[in-house]
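Peer 1: Protein chains in written order, with my numbering: chain A, 1138 to 1250; chain B, 48 to 322.
Some hints could be false.
Only pairs whose alpha carbons sit at most 27 Å apart, straight line, appear in this in silico BS3-like list of lysine-lysine [claimed, not checked]:
1) B:Lys216 with B:Lys272
2) B:Lys83 with A:Lys1225
3) B:Lys216 with A:Lys1195
Partial pick of chain B residues on the chain A-facing surface, computed with a CB cut under 10 Å [stated by the list, open to error]:
4) Thr205
5) Gln221
6) Ser225
7) Glu262
8) Arg297
9) Ala309
10) Leu313
Cβ pair distances, simulated, as ranges [as the list claims (entries may be wrong)]:
11) A:Thr1156 with B:Ala61: 50 to 60 Å
12) A:Gln1184 with B:Ser291: 34 to 44 Å
13) A:Val1248 with B:Gly120: 28 to 38 Å
14) B:Thr307 with A:Asn1209: 43 to 53 Å
15) B:Ser60 with A:Ala1172: 48 to 58 Å
16) A:Thr1215 with B:Pro286: 54 to 64 Å
17) A:Glu1249 with B:Ser60: 26 to 36 Å
18) A:Asn1209 with B:Ser85: 31 to 41 Å
19) A:Ile1233 with B:Ala61: 33 to 43 Å
20) A:Pro1163 with B:Val290: 20 to 30 Å
21) B:Gly295 with A:Gln1239: 44 to 54 Å
Just so you know, these hints were derived from the structure itself, not from any lab. We put the CB at the ideal spot given by N, CA and C, even for glycine.
The lines below spell out each chain.
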Amino acid sequence: MPWYALIQDSDGALLSLSTLLVSPSPSGTTLIELAIDPTDPAWMYDQATRGFVARPAKVLIDRLDDLVTNANYADFLTVWNNLSAQRKTLLRNMLIRLLGSQRFRPTSEPVEL
Amino acid sequence: MSGWAAIEGQRVSAQGIAAANSRGTTLTGSATVNTKGSYSEIVSSTPIDAIGFFVNVNDIIAVADNLVDLAIGGAGSEQVILENMTVSSGTGTTYRGQPWFFPVPIPAGTRLAGRVQSTSASLTVRIAVYLLAQGFLPSEPLSRITTYGAAAADSGGTSIDPGGTANTKGAWSQIVASTTNPITALMLGIGNQVNNVRTGAEWLIDIGVGGAGSEQVIVPNFHAKAVTTDDTVCPTCTPLFYVSVPAGSRLAVRAQSDNTDATDRLFDAILYGVD
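Turn these sequences into a full structure, and let the hints steer you where they fit.
Peer 2: What follows is the structure, given as structure tokens:
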């Protein structure tokens, strides 16, 4: 079952996604047949190219990395650098348990919970 | 001075309650993800003639998208009356439930059962059903619920993309090309796409009917929101809107959001038509 995209001729804006063929398409629009399922979140409409492109992967930041790279936590880094490799691992594992589902954050989300 | 109103006098009967731990009945998903688990009995025989019911699914303890069926009938002969109720949890242990109401009758003496599928293997949820018996002059109940737009492959719905321009309505996404049954009342279920790292977002959601390029808005600007603490788009369903839609109609959903992140602006939509 093919999908169709109804696109506004003037600026390439995507107006509607449909499995029904609309012929003729409304004035000022173009209907194109798609080779992909546009309701799959893996695909994203690109107005500039008037086509579908792969949706970019979300960039996540590990709050454990924040602790050792963020200048606001220099005191933690001072302590961290004095730990042996074994103790770093033990502390890291405990922090992973403590952070739980909040370990990873989007780039726009604040570091602190 | 209070008066006696003819529409009062409803009885409410709670079913599936496990008083020993203050919860509903446990439904367990299959060990295979996105596969319906076996039915669990909610009640063997409903005690009252119900003209409608609330169903409340709660206590999801994992990041998951889930689809729940409510069925009537004997063991091995269950008939689904509510198919693929969408319940999602963004950050584990935070889903607190939201009652869904349907004015669909369930006769006394009916066995109720439920089952669930999930993106998380063997996930458990709790379900309770609240039966509403008629008052002195009851409203006319409806008879069936038809689900449109569910995606069993990922225990979700139809993905809705508001697009990359903030606060501007995106494209209509078709939920169903042709409705199977007429619709007297319509509800939208909202899924979370197993996104447990959402940035905050607000949405305004439209439901429309009609062909591509000719969609007419029948439910405008339903407000939903997600915050970073629970990473779940809420509310997870709209109330029932009494909009009349003929069988054979195309239904679509579109939205706008203040969040333009390519992943976080997305949500799933499922429509439930009642007639």
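Peer 1: If you check each hint against the structure, which ones fail?
Peer 2: Hints 2, 11, 13, 14, 17, 18 are the ones this structure does not satisfy, whereas the remaining hints hold.
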